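Visitor: Build out the structure end to end from the sequences listed, making use of the hints.
Now for the letters of each chain:
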Amino acid sequence: MEEDQEKYLEDARKVVKEQAYFMRASLEKAQLKDALRYSSAMLSELKTSLLSPRNYYILFMQVFDEMRILENYFKEEYRRGRKMPDLYESVQHATYVIPRLYLLITVGSVFIQTHEIGAKVILLDLLECIKAIQHPLRGLFIRYYFLKLCKDRLPDTGSEYEGQGGNIDDAIEIIIRNLSEMNKLWIRMQGSKDKSKRERERLDLKVTIGENVTRLSNLEGVSLDTYKTKVLPKIIDIITSSKDPISQTYLMDCTIQAFPDEYHLQTLQELLKVCTTQLEPTVDIKNIFINLMGRLADFALNNDMGTFNSEVDIYSMFKQNIDKMLDSNSQIEFKNLLDLQVAFLNFTLRCYPQNSEYVNDILKSCCRLCERQNETDFTEECQKNIVKFLAMPLDTMSLSILTMNEYPNLMKHLPFQKRRQVAIKICQAVINLNQVIEDLKITEELLKFISPLLITQNDYVEIAENEFEEEQQLVARTVHLVSNHDLSIQNTILQKFIAKFKLGDINRQKYTYPAAIFALFKLIQQIFTQGGPQTQDTQYKILFDQIKELIEVIQGNFAELALKLYLNFLLCINIVDQNQEFDEFSYDLGTQIITIFQDEIGDSNLKVILLNQIMSTFAKLNCINPENFDTLAGNATQQAAKLLKKNEQAIGVLNAAHMFYNDYQRNSQRVQECFKKALKIANQSIGNNPKFVYVFIQILNKYFYFFEKVEFKEAEIQEVIKIILEKLPKALTDNDEQSKKIKILWAATQEIVKERKRRSIQAYQQINI
Amino acid sequence: MATNFEIVIIKIQTFRNFENFIVYMNTENTINQQQKYKLNQLSNLWYKYTIIEAALLNLVQGAPTIDIYLDGLETRKIARFNDKQQGLIGLPVYSGNDDITGLVDLKMNKNKKIDHLGLRIELLGRIEIINDQKQSSDFISLGKELETQGIIMEDKTYKFQFNKFEKQYESYYGKEVKLRYYLRVILQRNYGQVKKEVEFAVQIGEQEQVDQGQSTLKLEVGIEDCLHIEFEYFKSRYHLRDVVQGKVNFYLVNIKIKNMELVLIRKEQIGIGSSQQIDNETLIKYELMDGCPQKGEVVPIRLFLSGINMSPSFNNVGGKFSVKYILNLILLDEDDRKYFKQQEIKVYRKR
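Residue numbers (the numbering used here), protein chains in the order written: chain A, 1 to 769; chain B, 1001 to 1351.
Since the hints were derived computationally from the structure, they do not count as laboratory data. Keep in mind that this is a model prediction, so the values were computed, not measured. C-beta atoms are modelled at their ideal positions from N, C-alpha and C, and glycine is treated no differently.
Pair by pair, the computed Cβ-Cβ distance ranges are: (1) 355(A) with 1296(B): 42 to 52 Å; (2) 81(A) with 1307(B): 19 to 29 Å; (3) 1087(B) with 80(A): 28 to 38 Å; (4) 1300(B) with 353(A): 52 to 62 Å.
List time: in silico DSS-like cross-link candidates among lysine-lysine, alpha-carbon distance up to 30 Å: (5) 83(A) with 1285(B); (6) 1247(B) with 1341(B); (7) 148(A) with 1258(B).
Guide: Here you go:
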């Protein structure tokens, strides 16, 4: 089939090329008669019924180009004295109607240019003659040819053909008539066989029909008033008199695209009325509205909004018409109505970003629409639209719209997955806007909407781990937006979240609790900055207990996480409790930390890391009294000695020294003990493993750190240096990773010593490495 | 006898139909007695084949020649006819009260003297039924004596004049019938005659007959449940350079129409009654519409008659023949079935 098409086209093009060649040759020899004969033969190719619309178009364009040559020759002939009326008649002697009319239009175009006869007379005559082509495809093309050729010959306002040749009314009349006829032909193409193929073919041809509308819009004489009174009513007549959805859709769209926005503003009521009450039910009104609203919104944004708002009440017009459509109980599909609502909401949000009342009204209509439907009507697509509907206002309007009554009403039409989507969208919107959550009522609504993320609802659907994690993180991020200058309220809001989080299971709490806990940390610091608790419910004790409670829940399943939270908790307490009022509480936490570390953490590598964190956290604490602290630090040090590998043990113990000597602790003895222990472990191992020299170098460096704080025995240090220097060469024999590490560390150490010596720091003078 | 026998082969026209390729053989230098020969051996000739006049006998003494010169030919309108024998010819037109005047030129052609029985000019109007000479007859015959019996010694020129001769019928050159006017000059001699003929045309213009009524030709036709149309020609009478205009209304279209055409037919009716012969000739086929219209469509009809070589309609000319023009509107469907309706139109010559 396709191949045949190619062949048919190829053959036809060949004939056209051949005959065009002869035609031009005859024109060069000024043999008009022959030229007409050849052009006629060329044009006869357009009689074909074999070609698809696309291929016919290709052939048409080829002929079209050749006909321009002939047209120019006619002009020359006129200058040479040929009588146009004679030529106009003589081409009508052609036997076949297709070549005859193409020639007639071509001569007619030249005839008009002579001004010997009014443009209108010729154009109307041509239009009359063209009726002879009743074949849809060929008819459309010859009328398209007519449009192309008469393009600049219309008696438009200000054109050279105005006056004797007619006026703008005639120009409009001519094109409207052509449009009407073309539309009929176009509709006739539909036929009954092979519906979808026909529709495709028809859509391939739509530009030929649209050309009429373009012509109309290009007429100088079509002012707003003319458009309103003479053009639009006629176009609407054409649109509504056909019962063809494709045609109605296209012509509406075309009209909206072709004419200026001001015109649409002034005729909006009319346009909308047609759309909502006079089109076929299968016409995609939604798209027409979307286009129209899109254009008007652009127009509004590019122009003075004032005129947009005052002159015509666009919102109300759309609203009325859309509502009318909703209530008309028509056959328009629910899905399309919903689409329309979405588009309208979008439009309203763009044009009236501040007007939440409008938004609520649209929501109301939408609810009304949804109420009417059966459950089965809510297809996947409809649900998507409702999701959009709920999420869209959030992007531009404040969270307050969440308090609109209609929101939950719409939400209930959605199955779980969609509710989840809405919830996600809401969270995203809140996060993207970086909106502060400061209102209790909004918080309540918000929590309602995002509860698909917070609790396991009846129709809950499992999702992949990573997706779950993502959504829970969204929730976590939302919590961080809670804020209020009144910390008591801020606390209340947080408590609302926490209360809800408690209902979610541990899998969610893994994400939500830490977020809530950190939000509480922040709150506690804010309270502290404000000068301490102002109200009953923001007493530290209450908050601390709550946090502890929350962490304990985590602890059951996620020990490591709980451990880290405890550490952060301690740091938080440390900020507000320099007076050690919560000494026992804090000590308890510390003990808890050690217990978790000891009992719950198995992975040795993780242990190294965590212990490091524990010790560095402890080193910063001042909220525990010295005695208790000493116990805690001691426990931590013991844990270091229990690490799996010797080097880890040595370095762990070494690091423990920091706990005893820092901003708050000055316990030199314990520091020295740490060194001793570390050295002891190191000495035990260096015999078997020269690489252990790395630990020694670290010990040496640690000496340097404490040099000016703690007194060490000189011999002890020299002993370390001795071992290093002795073992180093052996340790460096291999060229493996470890050796490299040692090399680097050693070089850095040497550099430090060198530099400190240069600065004549006393302690270093004895270090020779 | 042999010495006086002359054979002149005059122009042989090419005809498409070689079977009937005809040579007219004349015993004298005029076209008088015609004999038909089928010359099958010439049937492969396509081009115009002309044999120039040749005298086979009478070499020593040439026959006298006669020429007829009509006055004022340079200003007279020329009518063109497609004659079956002569091809396309152009003849001077006389109409209304026109006189026909001119000169007759007699040349001696080396003759010292000519003994004759009289020189006479005749104006003849003749209806010729081409395939049946018996039916042919003159409807007008006017004669004038230019010279009474006697002897002519030198070349001589005679004036002649037929004043306001009766122009009852128009000249017509059809397929089966001709109506021709001609002047004939005959020099009668004892041993035969010298003859010369000149054709001319008569055309009868008619007044624009307003009162005679331009009725529209309107007809509804159809086939039940299939097709119902109404066609209309705005006029029933047309002059020769007129335009046939009209329209076709489609009321019901349940067949798949491929196209619609208008055919103009010339109908020659020869004789009357049972022996009447009818010849239909299609003058032009003209496509009116491409494709299948829908109910409610109106398709215009516009046919320029000026491009068609036609005569006025004739009704019972001299009791011998009539010429009628018929418009045949044909609808062709996609199964190549034809639906047609014929309508006669009157054609007249505008004065």
